[in-house]
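Undergrad: As you go down the protein sequences, you meet chains A and B in turn.
For the first sequence, numbering that gives the first Met the number 0 gives the first residue as 0, with consecutive numbering after it.
For the second sequence, numbering that gives the first Met the number 0 gives the first residue as 0, with consecutive numbering after it.
To be clear, the hints were calculated from the coordinates, so they are not data collected in a lab.
Please note: incorrect hints may appear among the correct ones.
[Claimed, not checked] Below, a sample of chain B positions facing chain A; criterion: calculated Cβ distance under 8 Å:
| # | residue |
| --- | --- |
| 1 | Tyr77 |
| 2 | Phe80 |
| 3 | Thr86 |
| 4 | Pro89 |
| 5 | Leu92 |
| 6 | Val112 |
| 7 | Cys114 |
| 8 | Gly115 |
| 9 | Ser116 |
| 10 | Ala122 |
Ideal Cβ positions, reconstructed from N, Cα and C, are used throughout, including at glycine.
Number of protein chains: 2
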Amino acid sequence: MKRIAVDMDGVLADVYEQFFKLDERDTGTRKTRASVAGIKELEAFPHGHQHVLSDDFFRTAPVMADSQRILEALNKQYEVFIVSSATEFPKSLSEKQAWLGEHFPFISWRQMVFCGSKTIVQADIMIDDHFKNLDHFTGQTILFSQPHNILADAGRHQRVKTWMEIEKLLL
Amino acid sequence: MKRIAVDMDGVLADVYEQFFKLDERDTGTRKTRASVAGIKELEAFPHGHQHVLSDDFFRTAPVMADSQRILEALNKQYEVFIVSSATEFPKSLSEKQAWLGEHFPFISWRQMVFCGSKTIVQADIMIDDHFKNLDHFTGQTILFSQPHNILADAGRHQRVKTWMEIEKLLL
Numbered sequence: 000m001k002r003i004a005v006d007m008d009g010v011l012a013d014v015y016e017q018f019f020k021l022d023e024r025d026t027g028t029r030k031t032r033a034s035v036a037g038i039k040e041l042e043a044f045p046h047g048h049q050h051v052l053s054d055d056f057f058r059t060a061p062v063m064a065d066s067q068r069i070l071e072a073l074n075k076q077y078e079v080f081i082v083s084s085a086t087e088f089p090k091s092l093s094e095k096q097a098w099l100g101e102h103f104p105f106i107s108w109r110q111m112v113f114c115g116s117k118t119i120v121q122a123d124i125m126i127d128d129h130f131k132n133l134d135h136f137t138g139q140t141i142l143f144s145q146p147h148n149i150l151a152d153a154g155r156h157q158r159v160k161t162w163m164e165i166e167k168l169l170l
Numbered sequence: 000m001k002r003i004a005v006d007m008d009g010v011l012a013d014v015y016e017q018f019f020k021l022d023e024r025d026t027g028t029r030k031t032r033a034s035v036a037g038i039k040e041l042e043a044f045p046h047g048h049q050h051v052l053s054d055d056f057f058r059t060a061p062v063m064a065d066s067q068r069i070l071e072a073l074n075k076q077y078e079v080f081i082v083s084s085a086t087e088f089p090k091s092l093s094e095k096q097a098w099l100g101e102h103f104p105f106i107s108w109r110q111m112v113f114c115g116s117k118t119i120v121q122a123d124i125m126i127d128d129h130f131k132n133l134d135h136f137t138g139q140t141i142l143f144s145q146p147h148n149i150l151a152d153a154g155r156h157q158r159v160k161t162w163m164e165i166e167k168l169l170l
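Model the full structure from these sequences, guided by the hints.
TA: See the structure below:
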């Protein structure tokens, strides 16, 4: 059974929606995805770092469209691990585990990995929105489109824009 | 640079001391390491599961003798990752990260991995007190002696009883 390492932020959890919402609360205007295209997340939003550190930022993130149904199907045909960069923001650890428990109850604690660097991950397939995680990975790499990566050449990674595309690719 | 995956409970953190202390508080008598030899941790202590779930169990665990000095030296010659089974007890996540920050401040958040199963870990060397983590690992394996494993044949794993032995082996 092939093993897939699935990222959380930007793949399962719609963190951009959180940034847009909090930025709008601060500034009174809502940025568009086009306006932050090609800019790193924490550079695109002036108070982004502060927002990431705030209570419930990760706990209340919306779920990416179709990810629940498709991940549940993947979970039957693959060995799924959810691998999330989390230790940079210690408070996020328990929020992320609770969030997974609420939205992806078929994922057991055995399938969760909260880390800093993903270089230690051994799997066959990695789905992530960050080049820094995919570039060193030697297996099959799927780049999930998000504004920060949208202008870059995907290179050897397969770019997908939606979970429906992952479904077509892997199921 | 070779990568080492170092376990926390039973290798860096003296969780037996926590079990002995809390068991003595409950029963009025203190068990010895000999009396729990060969018995799984949570079977050796009647209220062990409850203790593991209690506040500060992991946060206040004593540090294993010599582990700070020797891990700091290893950290200069190896790529060190601290890999801890933690997601079974969600509350332990932040306690463990805070504990590492206090006792091993030279370990950055980039070097921490909190997971359920360690099958996903890719490294050259693994130091752990549990066969379930070492047995599937294809690199060099070092079994850290603890009462629960002390009666078993170490098999292909190199058994060490102290951090001084790790120092001799790897430095």
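Undergrad: If a hint holds in the structure, say so; if it does not, say that too.
TA: Checked hints:
A least Cβ separation of about 13 Å between Tyr77 (chain B) and chain A goes past the 8 Å threshold, and the interface hint is therefore violated. At its closest, the beta carbon of Phe80 (chain B) sits 5 Å from a beta carbon of chain A; the interface hint therefore holds under the 8 Å criterion. Taken as an interface hint, Thr86 (chain B) checks out: its beta carbon lies about 4 Å from the nearest beta carbon of chain A, inside 8 Å. Satisfaction of the interface hint for Pro89 (chain B) is found here, the shortest Cβ-Cβ separation to chain A being roughly 5 Å, below the 8 Å cut-off.
Hint status for Leu92 (chain B) relative to chain A: holds, with the closest Cβ pair at about 4 Å, below 8 Å. With 8 Å as the threshold, the beta carbon of Val112 (chain B) comes within range of chain A, its nearest partner Cβ sitting at about 4 Å, so the hint holds. The restraint placing Cys114 (chain B) at the interface with chain A holds, with a minimum CB-CB distance near 4 Å, inside the 8 Å limit. Given the 8 Å rule on beta carbons, the hint for Gly115 (chain B) holds: about 4 Å separates it from the nearest Cβ of chain A.
With a least beta-carbon distance of about 5 Å to chain A, the hint placing Ser116 (chain B) at the interface is held under the 8 Å criterion. Look at Ala122 (chain B): its Cβ gets to within about 7 Å of chain A, closer than 8 Å, so that hint holds up.
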